Structures are given as C-alpha cells and as structure tokens.
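J.: Residue numbers (my numbering), protein chains in the order written: chain A, 156 to 408; chain B, 9 to 477; chain C, 8 to 425.
One or more hints might be untrue.
[To be verified] Using C-beta positions, here's what the derived DEER-type ranges look like:
#, chain 1, residue 1, chain 2, residue 2, range
1, C, Lys-387, A, Ser-214, 53 to 61 Å
2, B, Thr-79, C, Ser-50, 52 to 60 Å
3, C, Glu-116, B, Leu-73, 41 to 49 Å
[Stated by the list, open to error] Coverage of chain A stretches by chain C, computed from C-beta distances (three or more under 8 Å per stretch; other residues unrestricted):
#, region
4, 196-208
5, 218-230
6, 248-258
Worth flagging that the hints you see were computed from the coordinates, not collected in a lab.
Owing to the predicted nature of the structure, the values given are computational and were not obtained by experimental measurement.
Built from N, CA and C at the ideal position, the CB exists for glycine as well.
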Amino acid sequence: MKSLVIKDLHANIGEREIIKGLSLEIECGKIHAIMGPNGSGKSTLSKVIAGHPDYTVTSGEVLMDGENILGMAPDERARKGIFLAFQYPMEVPGVTIANFLRAAVSARLPEGEELEATEYYQRLYEKMDLLEMDRSFTARSVNEGFSGGEKKRCEILQMAMLEPKYAILDETDSGLDIDALRIVSHGVNVLRSPDRGMLLITHYQRLLDYIVPDVIHVMVAGKIVMSGPKELALELESKGYDWLTEEEPAPAV
Amino acid sequence: MSDTKAELNLDRSVGDFSYPEHHAFDAGYGLTPDTINYIADVKGEPDWIREFRLKALDVFLSKPLPTHWATKDLETLEFEKIRYYLAHGQRPTRSWEEVPEDMKQTFERLGIPEQERKFLAGVEAQFDSEAVYSNIQKAIGEQGVIFTGSTEALIKYPEIFRKWFGKVIPTGDNKFSALNSAVFSGGSFIYVPPGVKVKHPLQAYFRINAENFGQFERTLIIADEGSELMYMEGCTAPKFETATLHSAVVELVALKGAKIQYVTVQNWSSNVFNLVTKRGVAHEDAEIKWIDCNIGSRLTMKYPGVVLKGRKARGEVISIALASNGQHQDTGAKMIHAADETTSNIVSKSISAGTGRATYRGQVHIPKHLKGCKNNTECDALLINPDSRTDTYPAVTVRGTGNATQHEASVSQISAEQIFYMQQRGLTEGQAMSLSVNGFVNDLVRQFPMEYSVELKRLIDLEMEGSVG
Amino acid sequence: MSIPLFTDEPVRAAARQLFKSLPMPGRLDEAWRFADTKALDMSPFEAMPAPIDGDPARFVKRSRGLTETAGKMIFANDQLLSREVLDASLAQKGVIWKPLEIAAAEHPELFAKHFMAHGAPLGSEKFAALHAASVKTGTFLYVPRGVEIDLPIEVFHWLSGEKNSSFPHTLLIAEANSKVTLVDYFTGAQPDASGLAVGFNDLYVGEGAQLNYVCVQNWSLQTLAIQVNNTVVGANASAKSLNVNLGARYARNESASQLIGEGGRSDMLSVTVADGDQVFDQRTFQDHLAPGAFSDLLYKNALDGGARTIFAGMIKVEPDAHRTDAYQKVRNLLLSDNAEANSMPGLEILADEVRCSHGATSGQIEPEELFYLLARGISKNNAQRLLVQGFLQEAIDRIGNPALAEKLGEIMRAKFGN
Chain A
156 MKSLVIKDLH ANIGEREIIK GLSLEIECGK IHAIMGPNGS GKSTLSKVIA GHPDYTVTSG
216 EVLMDGENIL GMAPDERARK GIFLAFQYPM EVPGVTIANF LRAAVSARLP EGEELEATEY
276 YQRLYEKMDL LEMDRSFTAR SVNEGFSGGE KKRCEILQMA MLEPKYAILD ETDSGLDIDA
336 LRIVSHGVNV LRSPDRGMLL ITHYQRLLDY IVPDVIHVMV AGKIVMSGPK ELALELESKG
396 YDWLTEEEPA PAV
Chain B
9 MSDTKAELNL DRSVGDFSYP EHHAFDAGYG LTPDTINYIA DVKGEPDWIR EFRLKALDVF
69 LSKPLPTHWA TKDLETLEFE KIRYYLAHGQ RPTRSWEEVP EDMKQTFERL GIPEQERKFL
129 AGVEAQFDSE AVYSNIQKAI GEQGVIFTGS TEALIKYPEI FRKWFGKVIP TGDNKFSALN
189 SAVFSGGSFI YVPPGVKVKH PLQAYFRINA ENFGQFERTL IIADEGSELM YMEGCTAPKF
249 ETATLHSAVV ELVALKGAKI QYVTVQNWSS NVFNLVTKRG VAHEDAEIKW IDCNIGSRLT
309 MKYPGVVLKG RKARGEVISI ALASNGQHQD TGAKMIHAAD ETTSNIVSKS ISAGTGRATY
369 RGQVHIPKHL KGCKNNTECD ALLINPDSRT DTYPAVTVRG TGNATQHEAS VSQISAEQIF
429 YMQQRGLTEG QAMSLSVNGF VNDLVRQFPM EYSVELKRLI DLEMEGSVG
Chain C
8 MSIPLFTDEP VRAAARQLFK SLPMPGRLDE AWRFADTKAL DMSPFEAMPA PIDGDPARFV
68 KRSRGLTETA GKMIFANDQL LSREVLDASL AQKGVIWKPL EIAAAEHPEL FAKHFMAHGA
128 PLGSEKFAAL HAASVKTGTF LYVPRGVEID LPIEVFHWLS GEKNSSFPHT LLIAEANSKV
188 TLVDYFTGAQ PDASGLAVGF NDLYVGEGAQ LNYVCVQNWS LQTLAIQVNN TVVGANASAK
248 SLNVNLGARY ARNESASQLI GEGGRSDMLS VTVADGDQVF DQRTFQDHLA PGAFSDLLYK
308 NALDGGARTI FAGMIKVEPD AHRTDAYQKV RNLLLSDNAE ANSMPGLEIL ADEVRCSHGA
368 TSGQIEPEEL FYLLARGISK NNAQRLLVQG FLQEAIDRIG NPALAEKLGE IMRAKFGN
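Work the whole structure out from these sequences, hints included.
T.: Below, the structure is given as structure tokens:
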C-alpha cells in the first residue's frame, strides 16, 4: 500500500531538538490532521519533510512509498511528489505566477519534453476558476502585494497544478475570513483523491469543519501524543490542550 | 540645568578670548628639518622618534593636497606661515594650583576643574603644544590605568607606546597624518589593563591660544582584553584674524572583547582648519564607537574609521554636523571589514544653515571571502536656508555572497507648514526652527553623555536663532 | 559661410589632436574611482572600422527585433546595410530618419546646435574626442512638434571581425509634444572576437514630449566598450531610458540627464547581467537645472563569476532648482564569492525645498525565497535564474512596453544560457 511514513523522527534547529521521536503514516487517499498548541513543532515537521536546510534530522526516516527521501534535495523531493503549502508563502518579486508555475510544471516533464503552452494555460485557467482567482493574477509577481487570503489561494492553485502525491498544508486556514476559507477548502476538497494523501496542520478545529479528515493526531512537544477519529477535534476544542500536557509541559518556544 | 552652560563652555563665544603669549619655546614659522630637530631637542626625545618625525616630513612634503576629491579651500592653507611648536617649557602638573596663572584662568573660564570634580575619572588639558595639567583619580590609577600625555608616555612607557604607535594610522595614510607624524606634540595616552572597566569618562581638553599656530596632538588609546573605556574630548580656540590649523591623529586599539567609546565635541572658532585622522582597530568581539559632533571650525575634514580585524568585531560611527555661515563640515566614516561576522553601523545627521555646507563622505569595504558581515549606513541632511548646501559621497564595496550592506540617504527641509503651526501656538520663528532641528537630531543627541547632550541642544538653539531672518 | 560638418577632415583632425593631447584616466581621477584604467588600452584595435567581409545579408537576417516596428536600420562595422521604413506616413508628417552623415549634410544647423553639444561630463572627454574623430555613421531621428510615433524604431549595430572598432552615434530630437520610442541594439557578431566600441548619444526631449530610449548592449565578451549618453529634458517632458548591459569585457556607461524645464521628468533605468571577468562601470548624473523637475534612477546589477560592477551616481540640484524631486537607487545581487559590487551614490544639493534620497544595497538571494522555489520542484539552477530575472524585472517593467519587455527578457535569457 502506498503511503508517506514517518518513523521515529528526531530533528534539530541548531542545537535544539524540536521533533523528538515522531511517527506517523499517511496513506494514499486519506486526510490526516495534526493539531497542537503553539510551539509543539507542527510547522517544523512540515519543513523537515520538505527538506528545509535550517533543520537537521538526527535520526529516523521519512519514507515515501517505501523510499527514504531524507537524503534528497528539496526540489527532488518536490518532483517526487511532496508538496508543502507554506504557512507564510514567500514573495518572489518580478517572477509572475504564470512563469513560476511554468517552471515548476516543466521541471516535472521527462527530459527533452516541452510544455505545450495552450494546454498549460487552459489547465491554469481552469484551476484558477476553481479557486475563484481573477485571470489577471497570472501576470502578477508571486505573492507580492497579495492579501493573506490571496496568498493561501495561490498556494492551493500551485497544489492543483503540480498534482502532488502527498500534500502538507501548514496552517492554511490562518488569516482567512470565512469566504476565503470556504474557497480554499473547496479547492482542497476537489483535490481529494484516492491517489493522494494529505496532512493538514492546524491550530483550530474550524478548518476541519470544511475539510473533514479521516484521522486526527495531537502533537505536543515534538511528538504525537494522541490519535483518533475526527470527533477528537471537538473534544480538543472544548477542553483545550492543557489536559494533554499535564504530565509533560510544553516547552516555551 | 541652566548652569551647565557655564561649566561646559561649548558655546563658541565663551571660548573667544585669549591671553598674551609668552612662550619659552617657539619653533618659529614654517616647516623644515630644523623645525623637527628643534621640537625633538626641546622635548628631549629618543632618536627613533626624531627619525620617525624626519621621515614623516618627507612624506608630508611629497604628498599633494587631496584636492582631487576634497575642497579647494585647502589651498588657502599657508604652511610656511604657521608656527608648529609653542610651549612654556614646564612639565604637566597634577595640582591645579601649580598651573601657570594665565592658563589656569583660561581653563577655569572653560570650566575644567568643575567638570573634573563632577563626573570625570581623569582629565588632561593641553594649551597650545603641550599638556599643562593632567590628573587621574587615585582609584583608577591603582587599577593600573595609565592616563597621561603622549609626550610623557613615549618616555615613561616606551614598551607599550612603541608597540602600538603609528600602527593603526601609518604616517603615509594621508598628507595630514604625515604632517602630524612630523610635528606631533601633546595629546593623550591611555592604557586600560585587561578586564578593567573605567566607570567614569576620561576627558581631554584642547585649547589653542596663539595666533598662526598649528596644534598637532597625538592620541593613542589601548583597551586591553575585556576592558571598557569612555573618552571625551572638547576643543576651543579664540577667533584670530588669520587661519589656525588643528591636525590631530587619534589611534585606538580595542583588544579581544574590549569596548571603547570616543566622544568628541568639536567647537573650534570659525577660522580653524580642523583636519583630523581618527581610526581604531577592533579585535575579536571588540567594539569601537565614535560619537562625533562637529559644530565649530571653518573646514573640518574628519572620517573616523574602524578596522574590524577580529571575528564578531563591531564598529559604529554616530555623527552630528552643524554647518553655519561660512563653514564646511566635511565629515563621515570609514568601515573596513577584515574578519567574518563583523558588523558596522553609521548614522550621520547634518544640518546646513545660512551659507554652510555639510558633506558626508563614507567608505565601507567588505573584501574577499568574508562571511556574515553587515553594514548599515544612514545619512540624513537637513537644509535650513536657500543658500545652504549638502553633499553625500559614499563608496561601498562588497565582495561575495555572504554579506549584506544597505546605504540610505535623504535630504529634507523643515516645512513652512510645520513652522507656521508652531508660530500659531505662540513660538517665534527661531524657537520653532530650534525645536524642529533638535527634533531632527534628537535620537543621536541622546547617545552623548547627559552633560554634553544638554549643551548640544543649547548650541543648536543658539545657531538656529542666528540663522532666521 | 558653410557650417563645418563632423565628417569634414579638419574637424576630425582637431578631434584626433584633442584625443591625443588629453591624458589617459588615472588612479587619482575621481571620475574613474574603482575602475581598472589599464583596461582602457586602445592600441590593439583598428583606428577606423574595417569593412565587413562576406555577405552583408547575414547581419540583416540576424537582426531580429520586435514583430511590429515603425522602422528598422541595420549597420555593421559602421556601414549601413539596410533601412526599412514601415510606416510611410511618417515622412509626410515631417519625421526625418536618416543615416547620420546624410542628415548632417542636409541639416547642418541642427547638427551645429545638437551634435555632441554637451561633451562628456562624467570622465570620458578623451574618448568623446576619439568618437568625434572616428564616427562615420549612426542614426539621426527628428520628430516634429506634436507627431506621435506609436511603434518603436529599431537600430542594429553589429561589430564583426577581430580587433575591429565601431563608433555608433544616435542623435535624436523630439520636438514639443511629440512621442517616440527608439531601441538601439549593439551586438558582437562573433562571441569571442575582441573589439572596441565607443558610442555616443545626444537625446533632446522638447517641451511636453515623451521619449522612450532602450539600449541593449550585447557586444562580444572581449570588447572594450565606452558609451556616453546625454539627454536633455525640457519642461513637462518625459525621458525614460533603459540600458540592458550584457556584453563586453569592460563596459563603461556614462549617462547624464539634464532637466532644463519645470515639470520635466527623467527615468534612468538599467539592468546588468555580469559574469565571468566582466566589468561594468556605470556613471550617472541627474542634473537638475530647472525648478520643479523630477528624476528617478533605478540600476539593478546581478553579478556572477568574478564579475565587478561600479556604480557612481550623482544627483546635483543646482542653485535655484528649487522644488526638485530626485531619487536614485542601486541594487546589487551577488551570486558568487568572487563577484564584487562597488556603489557610490552621491548627492550635491544647492537649492531649497528639495526632496532627494538615494539608496544602495548589496546582498544575495534570500535562502527562504530559494527554498520556496525548490519546494515546488524547481531545480536550484533554474530557481536562481528565475529569481535573478525577477530581481531585474522591476527595472524592465518600468519602460511600460510589454512587447519590448518580452523581447528584452528573451535576449537576457540567452545570456543565462536558457
């Protein structure tokens, strides 16, 4: 069975350990959600999977369909099918969305094969319509001067165009009003597929009303401390995270 | 705070008096090897210093005036009409009472003894070519801090003096550093032993009393590992008919982890050519900060520098210049990065009033293969009158991918609306101007010691009142 | 008495004499600070351009510019190969567009007034004299009052052969309320041939007129190139210029803009892609002579390999040029450990009620930005290339012509090896 498996992962930033023995399996076709208090290491986990150079993996494995991806450069992982929707997407001045995505889509084509322009734009416009994005966006620089909601829509647009095997959505709901949340969630739900696994990282239960996960995990201090069905989100919403941390207080980060 | 004015005497009019001269030693007018030999003989210096001076004279004579970039006003300097050494012939005294009466009166009028009692750890006063009074608090002396005149130091502490002297600023650095190296006399020598943190500032006071005279003091400060020091200097001269020259060389050495703050309030009378070379070397994790305020002089050319020689060394120049009628303040900073992770910061604010001209000149250099170096430079100029002038001439060199520099400069005026607003609230135009100008430099003035910052504000008030109408 | 022409032998002999008598720039010349003046040795090159050998049609064929233009002139080794006027109505409106030497003979009074009338205020007096002694041809464009030419006019200058020289010249007069866009392409025919190019531009923008001027400098990588541009901007006029610097071993560009009328505006833009051991030496002058004018300069340099750039810019607000707004920005993006960027942004303000600022930054690609692209599966090389193009794009976009921007993008991508 195809899945993204994280096995006893330990990761540091500098000397400080942030991920402290985390294990998780995201099956193709399933949506997992990770919830947890601020500073529990949720965003770090997403960056470690994507291969951010600031983090060092000290032990453990991340296997994509059986292949360990930890030794790979970030772009190689991305081409293999890992997609990260950033919590704070970078502004890329002077590079239009159209050129940016063309470069990203072309990078996935077999050697010597050229992107067919008409087809590309047709697909791009289709996905933009899905996310209710105005076509004028294609000529704008990536994320430059975008509102919070526009940035998040742009992330989902990229996911739609790049069709990853495994997508990690880091706090995709943060900074969104209800309308934007509805549009973004719709975009994500359309991309649900038996061939794709997803990991939602969120602080609030709200997102999970729109994108209903199959499994919920609670992360505290660099580890998964509890997993359960979607109803677990409601319990967390009413009780908060404190009851989970009584034994092991979360470090102030 | 009203009486700080009388005590600190940064007001130019307060310094505008002189006493009749009766120098026992006078090298006469002009500059030849004979002048040098005369100075070396009078001072009873060792041969290596005499040779150093004679070599420097050659360098001085061989170098052209730097008018390919600097102002042509330098050409009005008549080196043959200057007297290069004037002294009474006594050794500096540690007791105020022993200072000759006319000099004592001079420094008392300038408020030196009061200041010493108030907040200084040590003070030195130079009258024309030689220090006449030098005192250091007993407690500081017992910690091993040496604070004395350069003339004394090169004889009493040759092993420390010779090791560092002329190493930060070589003789040939520029025409005026060569001139100073040939005829230097007076200035401070400070050595702070490892780990000693001098709590109160040390201060020197420089006074030119004679017409057609050039003052060439030489200051050398060494802060040994982990030590800390603040040094302050002030300068005045009476306004003579003819131009006077002040050309100092100041060398600072901050060894590993040491911190030096060097504060200058320059208030020479408006016919002094003030051509000064100031530079420090900051070793690993050391910090050198120049806080420089130029209000007086006809022409000042001064670009305090820091050579960031050790890893994580820090350099900073905070500069305020006020150029009024007929003045040219040509000031700036030099930051030479020579080790990884060194940082430098330059903040310069200038005000040009009347026909005054303020110039910023800067150099930032981050050479090959250094990593993690940063420079930030900000230059702001304020123009007061239609005839005022301001210029900015920075040069920034960056090599490689690990470093970042940022330079920003702006020029602005005080808006007529702003002045009107304050006038409508009942302030005179002059008061409104003063308030605005003080607002412009406020963040920098706060970096000066309290006693100085109050005085600076008052000086700006005076200058502004004069520039209106 | 007839007016002497630049083609007259006595005029050229006098210029030659001046070239010989003026000293070579040296180490102590402020106008040449940071420059390696040894790079200026002109002795290896032909004194006058040697004619092209072989079929001239190959240059015409390679002169691929925009799809839609108002006209196109093609020169190789200072020899006119082709002149196409695509809009016949222009001549009827009084537009004069001719090779320089022909125009000079027909309109000597215009040349007497405008040809090299402002010298070389930024240090290249000597090389301006060389240009005056050696210039054979170039472009003359006169746009009468009120005439608007919508499509760009393109001029191609090729330099072919080993150790050859070229002295291209553009003299453009845009009369009041006229409008025109001119693009000069300077290209080396053989990528590794050494050569000398000393070019000169006189651009006059009359009251209320609008000029867009673009120069694509793509000489061969062994060329010594010196280019002097003088622009004069009248009241309420607008001059926008963009230099795209790609070629040459040592390229000196001196661009001066004089604002002589109230309400005038000058936009000075430049993008440079420096690689290998290339040196780009850029000197600029925003000279505010009239009150109430506006100037804005943006220079962007991307440096790879062991390349060096030197930027020395001066905003001068002359006495009485009150209410001036003047801005100047240089941005250096360093892509390698051996690249070196020198910035000397300068201000001289002698007037009142002035708003002026300048800024210079040097830095590198932000690691977070790079990671964002990597995380989308774009390879490191491509990601860097995209980010560099994006960095330069800001200046290109300001010319406000998408078709031209696209063309320039294409030419630049060729240098990136894409």
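J.: Mind listing which of the numbered hints don't hold for this structure, in increasing order?
T.: Numbers 1 and 2 - these are the hints that the structure violates, sorted from lowest upward.
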